[in-house]
Amino acid sequence: MAQKTIAGVNLEVTEDGYLENPSLWTEEIAKEIAKEEGIELTEKHFEVIKFIRENAEAGLTIRKVGKSGIVDIKGFYDLFPGGPLKISTKIAGIKKPASCV
Amino acid sequence: MKKILILGAGTGGTIMANKLRKSLDREEWDITIVDKHKTHYYQPGFLFIPFGIYNKQDVIKPKANFIPAGVNLIYSDIDKVVAEENKVLLEGGKVLNYDFLIVATGTRVDPDETPGLKGELWHKEIFDFYTVEGALALQEYFETWKGGKLVMSIAELPFKCPVAPLEFVFLADEYFTKVGIRDKVDITYVTPLPGAFTKPKATKMLGALLEEKNIKVIPDFYLESVDNKEKKIKSYDGLEIPFDVLTIVPVNKGDDMVERSGMGDDLNFIPTDKHTLRSEKYENIFVLGDASNIPTSKAGSVVHFAAEVLFDNLLCAIKGRELRAKFDGHANCYIETGFGKGSLIDFNYETEPLPGTYPLPGIGPFGLLQNTKMNHYGKVIFRWIYWHMLLKGKELPVENHMSMAGKKKS
Numbered sequence: 147m148a149q150k151t152i153a154g155v156n157l158e159v160t161e162d163g164y165l166e167n168p169s170l171w172t173e174e175i176a177k178e179i180a181k182e183e184g185i186e187l188t189e190k191h192f193e194v195i196k197f198i199r200e201n202a203e204a205g206l207t208i209r210k211v212g213k214s215g216i217v218d219i220k221g222f223y224d225l226f227p228g229g230p231l232k233i234s235t236k237i238a239g240i241k242k243p244a245s246c247v
Numbered sequence: 021m022k023k024i025l026i027l028g029a030g031t032g033g034t035i036m037a038n039k040l041r042k043s044l045d046r047e048e049w050d051i052t053i054v055d056k057h058k059t060h061y062y063q064p065g066f067l068f069i070p071f072g073i074y075n076k077q078d079v080i081k082p083k084a085n086f087i088p089a090g091v092n093l094i095y096s097d098i099d100k101v102v103a104e105e106n107k108v109l110l111e112g113g114k115v116l117n118y119d120f121l122i123v124a125t126g127t128r129v130d131p132d133e134t135p136g137l138k139g140e141l142w143h144k145e146i147f148d149f150y151t152v153e154g155a156l157a158l159q160e161y162f163e164t165w166k167g168g169k170l171v172m173s174i175a176e177l178p179f180k181c182p183v184a185p186l187e188f189v190f191l192a193d194e195y196f197t198k199v200g201i202r203d204k205v206d207i208t209y210v211t212p213l214p215g216a217f218t219k220p221k222a223t224k225m226l227g228a229l230l231e232e233k234n235i236k237v238i239p240d241f242y243l244e245s246v247d248n249k250e251k252k253i254k255s256y257d258g259l260e261i262p263f264d265v266l267t268i269v270p271v272n273k274g275d276d277m278v279e280r281s282g283m284g285d286d287l288n289f290i291p292t293d294k295h296t297l298r299s300e301k302y303e304n305i306f307v308l309g310d311a312s313n314i315p316t317s318k319a320g321s322v323v324h325f326a327a328e329v330l331f332d333n334l335l336c337a338i339k340g341r342e343l344r345a346k347f348d349g350h351a352n353c354y355i356e357t358g359f360g361k362g363s364l365i366d367f368n369y370e371t372e373p374l375p376g377t378y379p380l381p382g383i384g385p386f387g388l389l390q391n392t393k394m395n396h397y398g399k400v401i402f403r404w405i406y407w408h409m410l411l412k413g414k415e416l417p418v419e420n421h422m423s424m425a426g427k428k429k430s
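Protein sequences appear in the order of chains A and B. Each residue of the first sequence is one higher than the last, beginning at 147 in the numbering used here. Each residue of the second sequence is one higher than the last, beginning at 21 in the numbering used here.
If you are wondering where the hints come from, they were derived from the structure by calculation, not from laboratory data. Worth double-checking, as some hints may not be accurate.
[Stated by the list, open to error] To be clear about the criterion: a stretch of chain A counts as covered by chain B if any three or more of its residues have a C-beta under 8 Å from a C-beta of chain B, and this derived list gives those stretches:
| id | segment |
| --- | --- |
| 1 | 206–220 |
| 2 | 224–235 |
[What the hints assert, rightly or not] Listed below are the simulated DSS-like cross-link pairs for lysine-lysine, each with C-alpha atoms no more than 27 Å apart in a straight line:
| id | chain 1 | residue 1 | chain 2 | residue 2 |
| --- | --- | --- | --- | --- |
| 3 | B | Lys294 | A | Lys210 |
| 4 | B | Lys429 | A | Lys220 |
| 5 | A | Lys241 | B | Lys429 |
| 6 | A | Lys241 | B | Lys301 |
| 7 | A | Lys232 | B | Lys221 |
| 8 | B | Lys273 | A | Lys220 |
| 9 | A | Lys210 | B | Lys273 |
| 10 | A | Lys242 | B | Lys428 |
| 11 | A | Lys241 | B | Lys294 |
| 12 | A | Lys213 | B | Lys254 |
| 13 | B | Lys301 | A | Lys150 |
| 14 | B | Lys100 | A | Lys220 |
| 15 | B | Lys301 | A | Lys196 |
| 16 | B | Lys294 | A | Lys242 |
| 17 | A | Lys242 | B | Lys221 |
| 18 | B | Lys273 | A | Lys241 |
| 19 | B | Lys294 | A | Lys196 |
| 20 | B | Lys427 | A | Lys242 |
| 21 | B | Lys254 | A | Lys220 |
| 22 | A | Lys213 | B | Lys301 |
| 23 | B | Lys180 | A | Lys210 |
| 24 | A | Lys241 | B | Lys224 |
| 25 | A | Lys190 | B | Lys254 |
| 26 | B | Lys429 | A | Lys242 |
| 27 | B | Lys100 | A | Lys213 |
[Claimed, not checked] From chain A, some residues computed to sit far from chain B (all C-beta separations above 12 Å):
| id | residue |
| --- | --- |
| 28 | Tyr164 |
| 29 | Ile175 |
| 30 | Pro243 |
Just so you know, even glycine gets a beta-carbon here, dropped at the ideal spot from N, CA and C.
Build the full structure now, drawing on both the sequences and the hints.
Structural data, given as structure tokens:
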């Protein structure tokens, strides 16, 4: 487990940079993680992030975010290019979604 | 007379009917099982049909053969569950009341969820092998195929038997080698996962095998649509992959009955306590196997292990006691790797597939995360075990909970 200072807060993060404790997350932390991913957060981003944080427990899929009414799947990709679920969960400060197979 | 109602006479429902009838007093408990189909499919066998290893007769038997005397078997479509009133409506208006309900209606493929998938090329140059029709159509197609680009694509997670598409490309490699046209067949494995499999150690082992067999992997590909004219699959972020023949794992969804009952999530899987296997919402409803949303593989082995737990907990619930048994998400999958060999993975909610031996520590006979002839025999013999022991709820000589014995951590 690694320590990392994000937005002036000393946090525990996983090997690939996910917060260990989602309750310590703030919008400032989100902005800084997003910057590292090359993303400037807009209001739309935060709407998606809110949905993601609220649904973290129930399990998330790209399809589910696409049905959230906030963005469709294409829009989700546009906001978080590359791997929208991987990147958005990191910014949202929740655990990396485990694809259970 | 009190009533237990089981919806779905697939692997899980059939096992439960057998277990419950054996243990519950016939004077006291009425057991009914409902399914719309009369045929029981040995679904792990579908994989072998495209390569002419099994035919249709190898994978079908009448469901009625496996339902014990003393259980009412009804063939009917299910309209919906009215959980608040403890009743199930069948198509045509028949009503079944229950004291306890077990939902085991499984998962099915829904090609309509992906635009263009069920277009003009469906079962002509685009095939699934999760239905007997798809598997048979593909077998006929492969018999005369001259080679080209074979693309194996997975539309969405989760899907039934997560190792099946891997096994499919391994078997395709063997098949086209034996037919003598492997050099003309370009095999590509396209997955929404970041690699060949989810968990690190298995991904490494299987990734190496794919490379060895000259099968290309395209990870992180989230399928948006299929272009029948240009014969390409397209991802949401604009990637395109051309194919001559496309084999697909379509989007998996729970039964439509779940949606009509208002019991499911966005893919019609029922929110279920992953340890007790009871519905999160209703105290007298249990969910067995693929129909649930528990975070483990959708597979027959899981259903078999979960059935033990559900059985214990149902007996507790009947007596009004706290649910005692806890499911650990145990899954155990043989992976056909081609040329008479196979691998085996054994894992649960907490523990990823690790190398070692199974079921006996140090002895085996099966090798975990190893590629051996013995593992292949395990898979071959399993069909007999399935028909003759597993469905009837007989004891198998393996532990219900995953065991760390025989596994190596590093």
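Exercise. So which of the earlier hints does this model not fit?
Worked result: 4, 13, 14, 30
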